[in-house]
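Chemist: Each chain, written out:
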Amino acid sequence: MRRARPRSGDRHDRIDDENPLVQALRLTLLVPILVAAAAAATIVALHHRADAARRGEITLAKIGRDANELRALETDALLRATNLHERVERHLREIKSLRATLDRRLEVLSSSDRDEQTADLVQSFRTFLGSFDAVLADLRAHRLGAALAKYRALGGQTADLQAGLGADERERRDRAQRETTIVDVGTVVTLLLAALIIGAVITRLARARIAAAAHEVERRALAFQNEQLRDLDRLKDDFVASVSHELRTPLTSIQGYLELVLEGEAGEVNDEQRHFLSIVRRNSDRLLRLVGDLLFVAQIDAGKLEIERDDVDLQAVVEESVQSARPRAAEGGLALELEAQPVPHVVGDRVRLAQLLDNLVSNALKFTPAGGRVVVRLRAEGQRAVVEVEDTGAGISAADQERLFERFFRTASATERAVQGTGLGLSIAKAIAEGHGGTIAVRSAEGAGTTFRIELPLVPVRHTAEASA
Amino acid sequence: VSEPTPLILIADDDADIRSLVAFRLERAGYEVVQASDGEHALQLALERPPDLAVLDVMMPRLTGIEVTRRLRENEDTRRIPVILLTARVQEADVAAGFEAGADDYLKKPFSPQELRSRVQAILGRR
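In order, the protein sequences belong to chains S and E.
Taking this note's numbering as reference, the numbering of the first sequence is continuous, increasing by one, and the terminal residue is 524.
Taking this note's numbering as reference, the numbering of the second sequence is continuous, increasing by one, and the terminal residue is 642.
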């Protein structure tokens with residue numbers, strides 16, 4: 056090392072030793088070489104920059120094309136905003152895919168030009184697109200309010216973004232390229248905002264149309280439903296009339312001819328024949344009662360239960376009901392007792408009240424085993440007439456009591472013991488009691504008998520005046 | 517024997533019921549003509565006015581109520597007593613029957629014996 060230095064010094068000395076002409080000639084040769092090198096370096100640098108610029112331009116041109124495509128798409132969307140709902144969905148999908156393309160282009164842009172300002176720009180743009188995505192999501196979910204709120208917030212971001220772009224611009228080496236970038240990014244931002252607005256408008260229009268359509272559908276559905284209900288009501292009335300007619304007519308024949316035969320009009324009837332025919336008659340009676348019950352229920356349903364407003368002597372009704380049930384009580388080995396106190400007359404329908412009493416007494420007799428007792432009581436309690444039908448039967452479980460007055464409900468024990476009935480009697484009793492402004496209630500415990508209690512108002516109701524007028 | 521056998525018109529679209537009523541009334545000593553619908557009943561009544569008509573309400577072509585109304589419009593038939601047979605339970609039907617000029621009504625199913633009693637009551641009254 057130590058030696059090198061003197062060698063280098065030697066060479067220097069040698070140059071210094073050259074004559075000035077040679078030195079000048081050497082310098083003259085060196086200058087073009089240096090110039091050429093500089094030129095080559097400049098060319099290379101320029102070429103490199105041009106290449107980067109070209110790549111940037113290509114990217115930007117693509118962004119521009121995408122933007123134009125986006126604009127065309129929005130115009131199309133606006134023009135064809137007829138079948139709106141589907142279109143909104145489709146355009147939102149396309150916007151999303153364009154949005155993905157823009158993402159890729161930005162990627163290319165950021166990798167082709169690594170300077171800080173471009174990176175910031177791309178970052179700002181991405182932040183903006185993130186917000187744009189949130190608006191898209193709201194639009195997609197038709198949360199128009201939320202979308203518009205986010206869109207307003209985006210307005211501020213856009214201003215910041217553009218201000219940022221403007222500041223960057225002053226620091227660019229290649230103004231033209233930057234300007235193009237700013238213009239293009241600005242265009243894209245504007246177009247995206249336009250897309251948002253158009254999307255919002257389309258969504259709003261779609262919602263208005265959908266709401267109008269829904270309203271119309273609802274209106275028609277309601278009209279249709281009303282029509283159906285009227286039809287159903289007519290059908291029900293027709294049904295009631297035809298069931299009434301169609302079932303009663305054959306029953307008239309059955310019972311009429313039975314009567315003829317039993318009276319000996321068709322010849323002598325022996326005891327066994329008489330017994331069998333009496334079974335036929337009993338069952339046709341039962342069928343007739345069932346038809347009557349069903350029609351009664353249909354009348355209740357149709358709101359056509361007619362309750363006469365007459366002066367009714369409850370005591371007479373109760374006595375008659377008990378009297379007519381005596382044969383059945385005797386047949387079943389049951390004691391049937393009446394404990395009636397005088398009560399003022401009530402206003403009501405004598406036939407219906409008798410039906411109510413008959414139903415309760417007949418139930419009590421059916422559900423009380425031989426040796427038991429059925430007591431019918433009548434008394435006044437304040438402004439109410441109280442009728443009780445008490446039996447010493449098997450009682451009704453608490454669960455069954457809850458459903459007792461439901462139509463067609465039959466207690467488990469009634470079904471098990473094959474006690475005849477339709478499950479309509481108590482629902483009819485309830486309808487009659489309530490039709491008189493009264494109540495019906497049950498008190499029972501399993502194994503401890505059952506008491507039905509009816510309360511009817513004793514105060515003459517206003518209908519009296521109307522009925523007698 | 518000096519008095520002629522009373523003629524009774526029975527109209528019902530149900531043949532079994534017609535026969536049943538006819539049987540009962542013939543046994544009771546009446547002469548019976550039968551019609552299976554309202555028009556036929558009206559035609560028979562106009563051709564040969566009966567002493568009494570038993571008309572079903574729900575009949576094809578003309579209802580028993582309409583037949584009653586037409587009978588009341590004609591001088592030859594206006595005094596014929598009418599018993600309506602109704603299978604319908606609505607009180608309004610009964611009211612409509614009386615308004616049309618019916619004298620009595622029976623709800624189906626009715627006892628043939630009861631019908632005979634009503635017929636006898638009306639014809640005896642005259």
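For the record, the hints were derived by calculation from the structure and aren't laboratory data.
Just so it is clear, CB atoms sit at the ideal spot from N, CA and C, and this is done for glycine as well.
Treat the hints with care, as some may be off.
[To be verified] Partial list, derived from the structure: chain E residues whose beta carbon lies under 10 Å from chain S: (1) 535; (2) 539; (3) 543; (4) 614; (5) 633; (6) 636.
[What the hints assert, rightly or not] Quick list of in silico lysine to any residue cross-link-like pairs, SDA-like style, CA-CA up to 20 Å: (7) 151/S x 88/S; (8) 623/E x 421/S; (9) 421/S x 359/S; (10) 623/E x 345/S; (11) 623/E x 461/S.
[As the list claims (entries may be wrong)] Restraint-style ranges between C-beta atoms, simulated for each label pair: (12) 630/E x 359/S: 22 to 32 Å; (13) 305/S x 594/E: 26 to 36 Å; (14) 591/E x 291/S: 34 to 44 Å; (15) 559/E x 467/S: 39 to 49 Å; (16) 576/E x 498/S: 32 to 42 Å; (17) 521/E x 359/S: 10 to 20 Å; (18) 464/S x 591/E: 52 to 62 Å.
Chemist: Each hint needs a verdict: does it hold in this structure or not?
Modeler: Here is what the structure says about each hint:
Residue-level restraint check for residue 535/E holds (minimum Cβ-Cβ distance to chain S is 9 Å; threshold 10 Å). The restraint placing residue 539/E at the interface with chain S holds, with a minimum CB-CB distance near 7 Å, inside the 10 Å limit. At its closest, the beta carbon of residue 543/E sits 7 Å from a beta carbon of chain S; the interface hint therefore holds under the 10 Å criterion. A hinted interface residue such as residue 614/E counts as satisfied when its beta carbon comes closer than 10 Å to some beta carbon of chain S; here the least separation is about 17 Å, so the hint is violated.
Violation of the interface hint for residue 633/E is found here, the shortest Cβ-Cβ separation to chain S being roughly 13 Å, above the 10 Å cut-off. Because the beta carbon of residue 636/E sits about 16 Å from the nearest beta carbon in chain S, more than 10 Å, this interface hint is broken. Taking the CA atoms of residue 151/S and residue 88/S, the gap is near 57 Å; set against the 20 Å cutoff, the hint is violated. For the given pair, residue 623/E sits about 29 Å from residue 421/S by alpha-carbon distance, which is inconsistent with the 20 Å threshold.
Restraint check for residue 421/S and residue 359/S: not satisfied, since their Cα atoms lie roughly 30 Å apart, outside the 20 Å limit. For the hint pairing residue 623/E with residue 345/S, the CA-to-CA distance comes to about 16 Å; that is within 20 Å, so the pair holds. Among the hinted pairs, residue 623/E with residue 461/S is inconsistent with the structure: their alpha-carbon atoms are about 30 Å apart, more than 20 Å. At about 28 Å, the CB distance of residue 630/E to residue 359/S agrees with the hint of 22 to 32 Å.
Distance hint check for residue 305/S and residue 594/E: the Cβ-Cβ separation is about 34 Å, which falls inside the suggested range of 26 to 36 Å. A beta carbon spacing of about 43 Å between residue 591/E and residue 291/S agrees with the range 34 to 44 Å that was offered as a hint. Between residue 559/E and residue 467/S the CB atoms are about 60 Å apart, so this pair departs from the stated range of 39 to 49 Å. For the pair residue 576/E and residue 498/S, the beta carbons lie near 53 Å from each other, so the given range of 32 to 42 Å is not met.
The hinted window of 10 to 20 Å between residue 521/E and residue 359/S is violated, with their beta carbons roughly 44 Å apart. In this structure the hint that residue 464/S and residue 591/E lie 52 to 62 Å apart at CB holds, the actual value being about 59 Å.
Checked against the numbered hints given earlier, this structure breaks hints 4, 5, 6, 7, 8, 9, 11, 15, 16, 17; the rest are met.
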